[in-house]
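From these two lone chains plus the hints, build me the complex, please.
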Amino acid sequence: KAGVTQTPRYLIKTRGQQVTLSCSPISGHRSVSWYQQTPGQGLQFLFEYFSETQRNKGNFPGRFSGRQFSNSRSEMNVSTLELGDSALYLCASSLEGAKNIQYFGAGTRLSVL
Amino acid sequence: AQKVTQAQTEISVVEKEDVTLDCVYETRDTTYYLFWYKQPPSGELVFLIRRNSFDEQNEISGRYSWNFQKSTSSFNFTITASQVVDSAVYFCALSGLIIQGAQKLVFGQGTRLTINP
Numbered sequence: 001k002a003g004v005t006q007t008p009r010y011l012i013k014t015r016g017q018q019v020t021l022s023c024s025p026i027s028g029h030r031s032v033s034w035y036q037q038t039p040g041q042g043l044q045f046l047f048e049y050f051s052e053t054q055r056n057k058g059n060f061p062g063r064f065s066g067r068q069f070s071n072s073r074s075e076m077n078v079s080t081l082e083l084g085d086s087a088l089y090l091c092a093s094s095l096e097g098a099k100n101i102q103y104f105g106a107g108t109r110l111s112v113l
Numbered sequence: 114a115q116k117v118t119q120a121q122t123e124i125s126v127v128e129k130e131d132v133t134l135d136c137v138y139e140t141r142d143t144t145y146y147l148f149w150y151k152q153p154p155s156g157e158l159v160f161l162i163r164r165n166s167f168d169e170q171n172e173i174s175g176r177y178s179w180n181f182q183k184s185t186s187s188f189n190f191t192i193t194a195s196q197v198v199d200s201a202v203y204f205c206a207l208s209g210l211i212i213q214g215a216q217k218l219v220f221g222q223g224t225r226l227t228i229n230p
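One line per chain: the protein sequences are A and B, in this order. Following my numbering, the numbering of the first sequence begins with 1 at its first residue and continues without gaps. Following my numbering, the numbering of the second sequence begins with 114 at its first residue and continues without gaps.
Fair warning: there could be bad hints in the mix.
If you anchor each label on the Cβ, the simulated ranges turn out as follows [said to hold, decoys possible]:
id, chain 1, residue 1, chain 2, residue 2, range
1, B, Gln222, A, Ile101, 15 to 25 Å
2, B, Arg176, A, Asn77, 37 to 47 Å
3, A, Ser79, B, Leu161, 30 to 40 Å
4, A, Gly16, B, Glu172, 46 to 56 Å
5, A, Ser27, B, Ser174, 24 to 34 Å
6, A, Asn71, B, Thr191, 38 to 48 Å
7, A, Thr5, B, Leu161, 20 to 30 Å
8, B, Val126, A, Ser70, 40 to 50 Å
9, B, Gln222, A, Leu113, 20 to 30 Å
10, A, Pro8, B, Ser174, 30 to 40 Å
11, A, Thr20, B, Asp131, 43 to 53 Å
12, B, Val198, A, Thr53, 32 to 42 Å
13, A, Gly62, B, Glu130, 47 to 57 Å
14, B, Glu130, A, Glu52, 25 to 35 Å
Note that these hints are calculated values from the structure, not bench results. Just so it is clear, CB atoms sit at the ideal spot from N, CA and C, and this is done for glycine as well.
So here's chain B without its partners, still in its complex pose (with noise of 0.2 Å):
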C-alpha cells in the first residue's frame, strides 16, 4: 500500500525566515510521481511541482526548492525567505503506475503553515 506522511501538522514563522517542510513516503512500486499541492483558504488545490522516482535532482523554483532523496524516501520543501502570501496548507502526495494509466493520488494529512509579519 502507498503511504504519505506529513509529521509537522503545523508550522509558525516569522516573515522572511526559511522553513521546511517534510514528506516521507511509502510505496513497493518502482516507478512513481511525489506531487506538492498548496491549498489557500479559498479551498482549491493548487499544484507546485511534480517529481518522477528516476529523478533526483534537486529543484528550486524562485523562493521554493524540494529536495527528492530515495535513499530516505523523503520529499522535502523548503520555503527561502517566507512570506505572508504563503500562509497555507500544504499536501505531499503520491502517485503509482496503476493499471491502464488510471490516476490515483495518496495524499499526506497536510502542514498548515501561517507566516506572522
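Excised from the complex, chain A in its bound form (with noise of 0.2 Å):
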C-alpha cells in the first residue's frame, strides 16, 4: 500500500507570493491534516478535511486555506507569503476518528526569501 506523498519536496518563494502544497492520502483514507513544524514553535496543527469538509482548525491567519477534492486528496495554500512561512509542512492521513493513527508524509519545506 503507498504511504501518503506530498509534493513537491523543496519550494522556494518570495514574499508576497502564494504557493499551493499537494498531498495523496493512503488509500482509503478520509481524513486529512496539515501541520506546521518550525524550529521555534515545534508542530503545530493546521487543519483537518474529512469528506471535503474542515472540520477543525489551528491557529493560523486566514492566509492559510486549504481544501479536500472528492478522491480525499487535499491541497494546502498560503497566500501572501511572510519570511515566518518558511517551514516543514506536513501532511497526514487516517480513518475516521481520534483513536486512529495519523500516517505522515515526507513533507513540503517551504523556504520564504
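Right, here's the structure in full:
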C-alpha cells in the first residue's frame, strides 16, 4: 500500500507570493490533516479535512487555507507569503476518529526569501 | 487545553546504552490517546506506538518499551541497547476526543537523540 505522498518536496518562494502544496492520502483514508513544523514553534496543527469539509482548524491566520477533493486528496494554500512561513509542512492521513493513527508524508519544505 | 511536555531537548549516549525519553501530558479529557513518533533526518514522521487512556499496560516491542502512568500523566519511552540507527528526533503526541471524530494531534517539542558509535 502506498504511503502519504506530498508534492513538491521543496519550494522556494519570495515574500508576497502564494503557494499551493499537495497531499495524496493512503488509499481508503478520508481524513487529511496538515501540520507546520518550525524550529521555534515545533509541530503545530493547521487544519483537518474529512469528506471535503474542514472539521477542525488551528490558530493560524486566514492566509492559510485548504481544501479536499472527492478522492480525498488535499491541497493547502498560503497567500501573501511572509518570511515566517518558512517551514516544513507535513500532511497526515488516517481513518476517521481521534483514536486512529495518523500516517505522515515526507513533507514539503518551503523557504520564503 | 491539551499540552505535551518533553523536557529533554537533546540526549547523547554511546551505542548499546539504554536511554529513556520522558513525556508528560496535560488534558481534561477522560478518553484520550497518546502516541510516539520518530523523525529521522529525511523529515517523515514515523509512527511508533499508540496508547489509549484506559490501557495502562506497559508495552515492549523489540528494543523499545513504553511506560504509561496516568497517576503522573507520563508516557515514557525507553530504548534498550541503543544503536546508531536510533538517532532521530522523537515526538510524543496527544489526541483527545473531539466532536464528529475530528483529528488533532498536540505534539511535544521533541527530543533529539544522538547515538554515538
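Quick rundown of the hints versus the structure:
A hinted range of 15 to 25 Å for the beta carbons of glutamine 222 of chain B and isoleucine 101 of chain A is consistent with their spacing of about 21 Å. Distance hint for arginine 176 of chain B and asparagine 77 of chain A: a CB-CB separation of about 42 Å, consistent with the stated range 37 to 47 Å. Between serine 79 of chain A and leucine 161 of chain B the beta carbons are some 36 Å apart, a value that agrees with the proposed interval 30 to 40 Å. A C-beta distance of roughly 49 Å is found between glycine 16 of chain A and glutamate 172 of chain B, which places it inside the suggested range of 46 to 56 Å.
For the pair serine 27 of chain A and serine 174 of chain B, the supplied restraint of 24 to 34 Å holds, since their beta-carbon distance comes to about 26 Å. Our hint of 38 to 48 Å for asparagine 71 of chain A and threonine 191 of chain B holds, since their Cβ atoms are close to 41 Å apart. Between threonine 5 of chain A and leucine 161 of chain B the C-beta distance comes to about 21 Å, which sits within the given range of 20 to 30 Å. About 49 Å separates the C-beta atoms of valine 126 of chain B and serine 70 of chain A, a value consistent with the hinted range of 40 to 50 Å.
Range check, glutamine 222 of chain B to leucine 113 of chain A: Cβ separation about 27 Å, and the 20 to 30 Å hint holds. For proline 8 of chain A paired with serine 174 of chain B, a C-beta distance near 34 Å keeps the hint of 30 to 40 Å intact. A C-beta distance of roughly 46 Å is found between threonine 20 of chain A and aspartate 131 of chain B, which places it inside the suggested range of 43 to 53 Å. Checking the proposed 32 to 42 Å range against valine 198 of chain B and threonine 53 of chain A shows it holds: the Cβ atoms sit about 40 Å from each other.
Roughly 48 Å separates the CB atoms of glycine 62 of chain A and glutamate 130 of chain B, a value that falls within the hinted 47 to 57 Å. Evaluation of the 25 to 35 Å hint for glutamate 130 of chain B and glutamate 52 of chain A yields a failure: the beta carbon distance comes to about 49 Å.
In this structure, only the earlier hint numbered 14 is contradicted, and the remaining ones agree with it.
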